[in-house]
Amino acid sequence: MTSTQRQPTQSQPAQGQPTQSRVQDAAQRSVGTASPRIEAWDKVTGRAPYAVDHPVPGAAYAWVVQSTVARGVVVDVDTSRALAEDGVLGVLWHGNAQRLESVGDPELMVLQSARIAYRGQVVAVVVATSPEAARAGADLVRVREDGMTSDTVLRIDHPALYQPVQVNAGYPARSAIGDVDAGLAAAAVRVDATYRTPAEHHCAMEPHATTAFWERGCLVVFDGTQASTAVSETLAGLFELPPQSVRVINEHVGGGFGSKGGPKPNVVLAAMAARLVGRPVKLALTRQQLFAVAGYRTPTIQRVRLGAATNGRLLAIGHDAVSQTSQLSEFVEQSAVLSRHMYAAPNRLTTHRVVALDVPTPVWMRAPGECPGSFALESAIDELASAGNWDPVRLRIDNEPAVHPEEQIPFSSRHLVQCLQEGAERFGWTDASGRVVRDPRPAVRRDGEWLVGTGVAASTYPSLTWPSTALARATADQRFDVEVNAADIGTGARTVLRQIAADALDVPIAYVEITVGDSAIGPATVAGGSMGTASWGWAVTKACRLLRERIERDHGGRVPTGGVAVRADTTLEIRDRPEFSRHAYGAQFCQARVSTMTGEVRVDRLLGVFAAGRIVNPTTARSQFIGGMTMGLSGALLERSVLDSRTGDFVTGDLAAYHVAVSADVPRIEVAWLDEQDPHLNPMGVKGIGEIGIVGTAAAVANAVHHATGIRVRDLPIGLAQMIGKLH
Amino acid sequence: MEFLRPSTWDEALAAKAEHPDAVPIAGGTDVMVELNFDRRRPPALLDLTRVASLADWAADGDRLRIGAGVTYRRIIDELGGRLPGLAMAARTVGSPQIRNRGTVGGNLGSASPAGDAHPPLLATGAEVEIGSVRGVRTVAVADFFQGPKRSVLAPDELIAAFLVPAATGPQQFAKVGTRNAMVIAVCSFALALDPQRRTIGTGIGSAGPTPLRATEAEALAAELPWEGKTLPDTIVQRFGELVGAAARPIDDVRGSAAYRRHALAVLGGRTLRWAWEEHRCA
Ligand SMILES: Cc1cc2nc3c(=O)[nH]c(=O)nc-3n(C[C@H](O)[C@H](O)[C@H](O)COP(=O)(O)OP(=O)(O)OC[C@H]3O[C@@H](n4cnc5c(N)ncnc54)[C@H](O)[C@@H]3O)c2cc1C
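Quick note, the sequences are listed as chains S and L, same order.
The numbering of the first sequence is the UniProt record's numbering, which starts it at 1 and goes up by one.
The numbering of the second sequence is the UniProt record's numbering, which starts it at 1 and goes up by one.
Source of the hints: derived by calculation from the structure; they are not laboratory data.
Source: prediction; values computed, not measured.
What follows is a list of derived Cβ distance ranges for each label pair:
(1) Ala140/L with Asp53/S: 45 to 55 angstroms
(2) Ser130/S with Ile98/L: 20 to 30 angstroms
(3) Asn100/L with His54/S: 22 to 32 angstroms
(4) Arg81/S with Pro148/L: 29 to 39 angstroms
(5) Arg605/S with Pro225/L: 34 to 44 angstroms
(6) Ala169/S with Ile98/L: 36 to 46 angstroms
(7) Phe37/L with Asp53/S: 20 to 30 angstroms
(8) Ala169/S with Gly147/L: 51 to 61 angstroms
(9) Val436/S with Ser256/L: 34 to 44 angstroms
(10) Leu655/S with Val136/L: 36 to 46 angstroms
(11) Glu223/L with Glu449/S: 16 to 26 angstroms
(12) Arg435/S with Arg198/L: 50 to 60 angstroms
(13) Ile98/L with Gly434/S: 47 to 57 angstroms
The C-beta atom is built at its ideal place from N, Cα and C for all residues, glycine as well.
From just these sequences and the hints, can you work out the full model?
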């Protein structure tokens, strides 16, 4: 990650009279204590300001105009009627928009050319004195488009599929060890199946939204983003400003799930619009607009081949993943990457291919790669268990690798087996002695009109840590201000960072004030990749420990009147970490039922057991796991973005048509975690927990549906249509 | 856009007569969506929420007269005992927020084939009371719907109330959706048993251009063992089949026509069995 250092906010040099008392030590540790989110009251009472809630005097409002063809050019934009509308201050389009400097992401080069690369791409922006006037103006903008034949459908045999150099998160696109075909040929039991996952949209509560204004050459924006450091650096690049002239504030963010992981067109457009009209501009995309502009999870087609010997040991694992990207940017979902380390096997092959279509640009969505990939791999393992008559829990345990099976490096810690065992017992899959009591036969358990079954799947997610900076300041009245540019997207980040800070300072939590969500604090990494707590927490720990040391060493344990401040940067520590394969693991169990009369699929019960390092706050952690599993369940049963192949338009473009699970769809969800100690991660011993909960859920549900009915669903979501006509 | 705010029923009728193209707005849970999606740009809105009489209900002999502005929440809380079928349907509408705002009058006004209040109103033989400066007329719910989102309302007319008999026997409502709440029905079915008169009332939702009755299924009432005996499976099955056959469904994004027929047959049989159980135990 490149980062531009800001001037640290210096506190006054220590001087004046020492205060009376020494800094008081904490009586107990904060980390590990269950506590609700600090901002919970502000959120539920509506006091927490989101990106366009900040009162800025004289604000104008922007409304986007979107392309109506999937591929083509803008021939002409007639703005005259819009400009004549009451309240309209200006209209931006490629003919009059200011030139931007490229920063490498063509998606952000908004209004720079006549080219249309997908339907819904922004082709003009209207700025007016009210949102209503802006919207009315947008209706009056006449855009003449020249549409060309478009290619919008992902197919496994698409002639333009290619193998990229890298896939998302920097992994190589292909990995090969041994000879998969030979391994399959030698196997006694084989699976060769193709799985499909649909396009999905994030649907965070807060839309992508920005308030932007220019002040003496400096650009200030409130942006609903997971990464205000990255947004400020990008804006500085696009507008050719010195880095310190851009400030991005994201104090509260109403969810993101990856769609706000980097700058999106809204923030660039708002800044351009604010410059155009010379006043602050607020731009909030509507729910419908988000479906084209804010990213989505690519559909995937994945072929998994497994071969096992008579004893259930895998001889070969093959996982070939196909996904789509847009004509603007290459984003390659790393769906097969988890198959590189989940199970041992001497012969292995993983490949990724992608095709650039005339579609909106896909992006990270909660557990990119692992989420769709686990549906394929963990369904295939279940198919193998059925084919070989093995217990699916046992089969996974029997194929546990001792070291990373492709890189041959040790795991920093790996407790997948323990998660499976613990989960199996809690779920009633095994008895207290570990004996399997689940009847493996499919389609034999009836409860009235319902067929009932259980399924299991394994979960995993990488434990990443990226460099960040943090600032810790002590004041003479024994208060501590800790600042780190974390983004709290509803996860509880600021709450756990405060706990981490209190422990690193060794003071009671009440003495610590935490500030997040402002690029002016200094560079810090994205709230993504489940790496926030690890990355920001390390910087916070370092800053706090240094501060405490300095108070002891330089000031005899007393904070001088002027206070003391320390800034820390973890770049070197992270660079110098020894090589380990670092991942969190988990096991998910599901009981599902299918009506033989209507084909309805209902989930009765979900259990997730995770080994994810130290859990800083059981309250917020439980919510993360449950939230992930709920989203996984939603993906298993409901979520699907339907793209009209003729128009390139997501026709399920609102929450009435794009169904996410509602409370009434979500059954009893139980979550447990192991007390996992891992000394090779970071000073707190934490792994990420934001994404692993969604990994494996869909497979656990599909496997349970198979156990219930004998019907194998390889195409998400699992719906009525796949059941009717096949049930007996 | 003009915003008209009558405070009495007479003012409302006068306003509608003067502005026939004004769109009435009650809970707004349909109207506001249409405005927001730019599906409709009426020159005027006629806000009915200040007309107190629309939010009243009262017993009128053995019938109930329920103002068009009574919300789903109040149907559930205040009328659940007397109109169990309608209350069951009301419980499946949207979310608590929608049930707090949305009204049966608005459901009728929208005349969507998927409106959840319609099947129970059909099954109980309800009537719609329609007013205008020209006078009052009453139309059977079965005749009220003219097609998808079309009703018999003339441009100067407003829905005043609906008239519905208090339940004289078990009532049921069942709805299939792609999720468990906040969902437009793939299909729905309402049933009302009247053990005294030995009749079955039916209403089918979301499986035709208008809400429908299953008349042939209703005729099976003559064959039911009303004297408290168990219901033969053959009758249950025939009933279901006739309900499925009465539907006039189409394929759309929510479900196929074949699935709707199949599901309605299931819902028909199932609701009859449930209602019969209640009748036998009563
Ligand atoms: C999130 C959401 C979920 C929903 N879920 C469901 C559901 O599960 N089931 C369901 O059936 N519906 C559902 N709806 C649709 C809607 O809530 C219902 O149709 C509701 O009954 C409308 O009532 P209202 O009072 O809000 O009507 P309004 O929106 O105020 O009006 C609806 C129509 O009726 C007309 N109208 C209103 N009152 C009168 C009157 N007195 N005389 C003449 N015309 C009148 C209006 O002009 C308009 O055409 C949902 C809507 C939303 C937004």
